[in-house]
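Please take these sequences and the hints and turn them into a complete structure.
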Amino acid sequence: MEAVDLARLIDLYDVFFIDQFGVLRDDERAYGGAAAGLRTLKDAGKTVVIFSNSGRSGDYNARRLESLGFSRGSFDHFVTSGDVAYSLLSSGELPVEISGETRIFTVSSGADVNLADRLQATNVADPASADIVIIAGSEAERIPLSRYRDLLAPAASRGIPCICTNPDIHKLAEGGLVPAAGAIANVYEELGGNVVRVGKPYLPMYRYAQMLCGMPGKNGIVCIGDSLDHDIRGANDFGADGVLVRTGILATLTEQELTRKIRMKNAMPRFLMTAFR
Numbered sequence: 001m002e003a004v005d006l007a008r009l010i011d012l013y014d015v016f017f018i019d020q021f022g023v024l025r026d027d028e029r030a031y032g033g034a035a036a037g038l039r040t041l042k043d044a045g046k047t048v049v050i051f052s053n054s055g056r057s058g059d060y061n062a063r064r065l066e067s068l069g070f071s072r073g074s075f076d077h078f079v080t081s082g083d084v085a086y087s088l089l090s091s092g093e094l095p096v097e098i099s100g101e102t103r104i105f106t107v108s109s110g111a112d113v114n115l116a117d118r119l120q121a122t123n124v125a126d127p128a129s130a131d132i133v134i135i136a137g138s139e140a141e142r143i144p145l146s147r148y149r150d151l152l153a154p155a156a157s158r159g160i161p162c163i164c165t166n167p168d169i170h171k172l173a174e175g176g177l178v179p180a181a182g183a184i185a186n187v188y189e190e191l192g193g194n195v196v197r198v199g200k201p202y203l204p205m206y207r208y209a210q211m212l213c214g215m216p217g218k219n220g221i222v223c224i225g226d227s228l229d230h231d232i233r234g235a236n237d238f239g240a241d242g243v244l245v246r247t248g249i250l251a252t253l254t255e256q257e258l259t260r261k262i263r264m265k266n267a268m269p270r271f272l273m274t275a276f277r
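The opening position of the sequence shown corresponds to residue 1 in our numbering, with each subsequent residue numbered one higher.
Treat each hint with caution, since some may be false.
[Claimed, not checked] Pairwise CB distance ranges (calculated):
no. : residue 1 : residue 2 : range
1   : Lys-261   : Arg-158   : 18 to 28 Å
2   : Gly-32    : Ser-129   : 46 to 56 Å
3   : Ser-157   : Met-1     : 40 to 50 Å
4   : Glu-2     : Arg-158   : 43 to 53 Å
5   : Ser-129   : Thr-252   : 16 to 26 Å
6   : Gly-192   : Gln-120   : 25 to 35 Å
7   : Leu-68    : Gly-192   : 19 to 29 Å
[As the list claims (entries may be wrong)] Mimicking DSS-like on lysine-lysine, the simulated pairs with C-alpha atoms at most 30 Å apart in a straight line are:
no. : residue 1 : residue 2
8   : Lys-218   : Lys-42
9   : Lys-218   : Lys-261
10  : Lys-265   : Lys-218
11  : Lys-46    : Lys-218
The set of hints was computed from the structure by calculation and includes no laboratory data. Bear in mind that the values here come from a model prediction, so they are computed numbers and not experimental data. Note that beta-carbon positions come from the ideal geometry of N, C-alpha and C, so glycine has one too.
Here it is in structure tokens:
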């Protein structure tokens with residue numbers, strides 16, 4: 001693996017798929033130089049897509065980035081797993097039928113039920129009475145996984161299908177890592193439930209972004225992220241080059257530990273980058 005900086009990436013690629021959390025920001029603030037890095041890409045005429053495994057919309061996430069000092073003009077699109085899930089569900093591409101009578105129970109942060117609302121479905125507070133469970137977010141910084149297990153056990157036992165719109169296993173919170181929505185989805189499967197995951201590293205997320213960009217060739221696309229399981233594996237499966245940034249969830253690993261993890265995960269970045277700036 002070769003070290004790389006932003007100037008070299010600008011020479012090599014035309015389209016940039018850039019992870020939000022762990023590359024541009026943590027749970028509270030922007031990383032130093034990240035906003036300037038995006039502006040540098042746009043000044044060079046590049047197409048910039050911000051990627052996020054977030055159950056909320058791209059518009060919502062874009063506003064949050066702006067509040068942290070990022071310019072809305074420094075990226076072309078903001079693609080979230082929530083947006084992709086809405087597209088797949090509303091077009092009938094997922095094996096789940098949705099109508100106004102469909103009862104949806106949502107696991108999220110901040111009581112967010114935006115996907116159910118966008119689908120014009122019926123929100124319910126009891127997972128046992130739901131037709132579909134959506135796992136969009138986690139509040140594991142204050143709610144242990146054991147409580148999520150108890151909450152979801154009745155739905156899983158009834159065979160209620162689940163859609164996870166944020167497959168991340170860990171998230172940055174309060175200066176550390178806590179279980180994310182993907183970890184709750186794993187619990188649902190352990191309980192015997194069936195889960196469909198939407199987001200990185202799964203191909204529909206990448207194809208959706210590629211379509212928004214006018215279907216550029218994959219050899220001109222680079223995917224930048226901090227997660228081997230999601231960003232780099234997603235890039236590998238999609239067929240584009242991946243850049244692993246040493247901020248975010250892997251920031252504390254030594255070079256030897258990172259090398260072992262890459263071999264164990266079988267997710268191979270083309271380049272390593274100290275930080276996005």
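Going down the list of hints, with the structure as the test:
1. Lys-261 - Arg-158: 18 to 28 Å: 38 Å, violated
2. Gly-32 - Ser-129: 46 to 56 Å: This hint holds: roughly 48 Å between Cβ atoms.
3. Ser-157 - Met-1: 40 to 50 Å: 45 Å, holds
4. Glu-2 - Arg-158: 43 to 53 Å: Holds, since Glu-2 and Arg-158 (Cβ atoms, about 51 Å apart) stay within the stated range.
5. Ser-129 - Thr-252: 16 to 26 Å: About 43 Å separates the Cβ atoms of Ser-129 and Thr-252, which means 16 to 26 Å is violated.
6. Gly-192 - Gln-120: 25 to 35 Å: 30 Å Cβ-Cβ, so the 25 to 35 Å window holds.
7. Leu-68 - Gly-192: 19 to 29 Å: Since the Cβ atoms of Leu-68 and Gly-192 sit about 41 Å apart, the hinted range of 19 to 29 Å is violated.
8. Lys-218 - Lys-42: Distance of about 19 Å is within 30 Å: holds.
9. Lys-218 - Lys-261: 26 Å, holds
10. Lys-265 - Lys-218: 23 Å, holds
11. Lys-46 - Lys-218: OK: Lys-46 and Lys-218 at ~14 Å, within 30 Å.
Hints 1, 5 and 7 from the list above are not met by this structure, while the remaining hints are.
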